[in-house]
Amino acid sequence: MPQLDRSADLSAVEAGLDALDTPTSDRRESGGARILHTVVPPVVALVLLIVVWQVLWAAAFWPETQLPAPLDVWSRIWEISSDGEILGIVWTSVHRAVLGFLIGVVIGTPLGLLVAKVRVVRAAIGPLLSGLQSLPSVAWVPAAILWFGLNDASIYFVVLLGSVPSIANGLVSGIDQIPPILPRVGQVMGAGKLSSARHILLPAALPGFLAGLKQGWAFSWRSLMAAELIALSPDLGTGLGAYLNQGSSFSDMPTVIAAIFLILLVGVGIELAVFRPVERAVLRSRGLTGSFT
Amino acid sequence: MSVALDGTPKLRSTGVAVKLDGVRKVFGRGDRAVTALDGLDLEVAPGEFVCLLGASGCGKSTLLNLVAGLDRPTSGEITLNTSRPAVMFQEAALMPWLNAARNVELPLRLAGFGRVERKAKAAELLELVRLGGVGSKRPHELSGGMRQRVALARALAATLRVDGSQEPALLLMDEPFAALDAITRDVMQGELLRVYESTGTAVLFVTHDVREAVRLGQRVVLLSSRPGRVVREWAGAPDDVELTNEITAQLREVISTHAAA
Chain A
63 MPQLDRSADL SAVEAGLDAL DTPTSDRRES GGARILHTVV PPVVALVLLI
113 VVWQVLWAAA FWPETQLPAP LDVWSRIWEI SSDGEILGIV WTSVHRAVLG
163 FLIGVVIGTP LGLLVAKVRV VRAAIGPLLS GLQSLPSVAW VPAAILWFGL
213 NDASIYFVVL LGSVPSIANG LVSGIDQIPP ILPRVGQVMG AGKLSSARHI
263 LLPAALPGFL AGLKQGWAFS WRSLMAAELI ALSPDLGTGL GAYLNQGSSF
313 SDMPTVIAAI FLILLVGVGI ELAVFRPVER AVLRSRGLTG SFT
Chain B
555 MSVALDGTPK LRSTGVAVKL DGVRKVFGRG DRAVTALDGL DLEVAPGEFV
605 CLLGASGCGK STLLNLVAGL DRPTSGEITL NTSRPAVMFQ EAALMPWLNA
655 ARNVELPLRL AGFGRVERKA KAAELLELVR LGGVGSKRPH ELSGGMRQRV
705 ALARALAATL RVDGSQEPAL LLMDEPFAAL DAITRDVMQG ELLRVYESTG
755 TAVLFVTHDV REAVRLGQRV VLLSSRPGRV VREWAGAPDD VELTNEITAQ
805 LREVISTHAA A
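Note that the protein sequences, when read in sequence, are chains A and B. Under the working numbering, the first residue of the first sequence is numbered 63, with each subsequent residue one higher. Under the working numbering, the first residue of the second sequence is numbered 555, with each subsequent residue one higher.
The reader is advised that the hints may include incorrect statements.
[Unchecked claim] One side only, chain A facing chain B, incomplete, derived with CB under 10 Å:
hint, residue
1, V75
2, A253
3, S257
4, S347
5, R348
Please keep in mind that the hints were generated in silico from the structure rather than gathered at the bench. These figures come from a predicted structure and were not determined experimentally. C-beta: ideal position from N, C-alpha, C; glycine also.
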């Protein structure tokens, strides 16, 4: 049998294989095409919604006190915008939500790590954590007011009960979905418990953790709105929830709709401005671009 | 038969890199217990390349897990006279969030190397597996063969220690090329031999491919299946067709004995 000279051209063969087998990088859309695909559809949907609203209002099915004109709502928003009141209202709510969310991350992350990796802890508080996640945190508002009084502590308590379970559960499911081979690789490389958590578990669980953070943010925001709606006090200042409550008290429908619109705007805005780009960058860097093409 | 009380591989100064003495591993208990390995004796000299050959169920992977310290033998003793063994699996198992160079740096980081030294050593190792130019690429941007070469570089990095103590290294490989296509596998085998010759590490290489075992191993050890024991061993000889046929025949014989039961 003729002997194949295996060493001579090995490097050339190898270089050829490397060139041929390397996955071709996916073609990226140009900036213009991307804007066309991502910005235009929601704008069209929004315009359609306003058109339908305008038509329904013009048809006068419902009295003005129930369905205000789009223009009335817009002028209400314009009113508080032009005198700068809107900044104070939005800032009051947003800084609470962001601070509450950040505290939630600081508490939820180690909690999630413990639940995911310590069997006893998972058995003990895993179900409780999932239960808390489905319990609307507005249910805690009365208790919080009785415990802490009408102050910021009550509000942060409610926000934390909304966000911590989501963040912790997101991390747990992120860790549960790590391919088992990765921690094993860490183990054979001599990673201890802490360095394994730092260098392998947390980064590997990042996509799931980010999903949990996103949900945690949504829960923080809606818990805060619930708390602000119910817990009213001059000491607490006027956030979006209190503004909504004011509108409701004076049967001022344009203010109510304007407040709901602003609440929605902040929630979606933070998601689009903060979470979406981070998630996108993380998934893209791992070659998980399926959902964005 | 001596029984190691704590069951973990021990470090000792002897002329062998790895010594397995009457190693037995049973999974489960009572009626459902499965004996994966039974009375297995094996020695690997420092710098030796040993191929473990066997059909499914011969406990090849169990054996590697025991030597790697991922699992403990039920009885028997495993003596290691090397630095912590590095392991390569069938999958490259690179960290998808790190680029190739940082994947190689990871074991160095865990071992406590400084930043500058890490970078230098990782670059050196990538150069060794002829991947000097792709350090900044992520695993998903590399082909299967390139990923396995990064995994090889990472395994070699895992054998390094900060104090620079020159303990002999040991590389455990669990069918690392089984998932690759034929041409890439052929290239990878050559690559492994080249890297092996330039590093002088001992290698314990598990495979079910007779040709691969004969080509790579200085010694080919055939294991029986359920429970795994050493049946026979041969000196490896690259491209020796007769030896390949002989070992294949014996492997078939070992497998056939399971047909009746």
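- Double-check A253 of chain A for me: the hint is only fine if its C-beta lies closer than 10 Å to a C-beta in chain B. At 5 Å from the nearest chain B Cβ, A253 of chain A passes the 10 Å test, so the hint holds.
- Message: Hint validation: V75 of chain A versus chain B, beta carbon distance must be below 10 Å. Holds or violated?
- Response: holds, 6 Å
- Message: Holds or violated: the hint that R348 of chain A contacts chain B, with Cβ atoms closer than 10 Å.
- Response: Holds: closest Cβ of chain B sits about 4 Å from R348 of chain A, inside 10 Å.
- Query: If you take the shortest Cβ to Cβ gap from S257 of chain A to chain B, is it below 10 Å?
  - Reply: holds, 6 Å
- Message: Less than 10 Å between beta-carbons is the criterion; does S347 of chain A satisfy it with respect to chain B?
- Response: holds, 6 Å
This entry satisfies every hint, going by the numbered hints stated previously.
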